[in-house]
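The whole structure should be built from the sequences, with the hints applied where relevant.
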Amino acid sequence: FFFYAQYCYHTTAVCMDGDTLTVTPSVSELEFRTERRVPRLGVMLVGWGGNNGTTVTAAVLANRPGLTWRTKTGEQKANYYDGKEVNIPFRDLLPMVHSNDIVFDGKGVCACVCVHACLSMGLCVSVCNQRRNADPRSVLQGPLWRRRR
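Residue numbers (this note's numbering): -5 to 143.
Have a look at the derived ranges for each label pair, beta carbon to beta carbon:
#	residue 1	residue 2	range
1	Phe84	His4	18 to 24 Å
2	Gly116	Ser93	20 to 26 Å
3	Val17	Ser114	49 to 55 Å
4	Phe84	Met115	31 to 37 Å
Source of the hints: derived by calculation from the structure; they are not laboratory data.
We put the CB at the ideal spot given by N, CA and C, even for glycine.
Listed below in structure tokens is the structure:
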């Protein structure tokens, strides 16, 4: 079973011919088809052990069980909203993958994981327990790359 939706995409094309600009509006009629069953989703990150890979993985690992941790400003609770304006997530309107259901894997140049550098100490302790078996896979490195470092 599927959900169907029609949408009219309005755009404008601008063409320059010498000193003359011609503006032509156009409408594209689109039809979207969405399955009702939400598929599984996996993400393969290159540089998983670096700052960006560590941060996005820690966000999901902290939100799955709803972790709380202490910081110098008080207790924090995991959420995806970051204290800013909250809107209805699109997954509440259509069947889509929830961020907590993403499975991560990836490769990194070094075997270390930057959780200690990227996260506050309280969150680091909680996330490290979940991420224990999730280290970046090694990347093949040629002799030219190694010489430059």
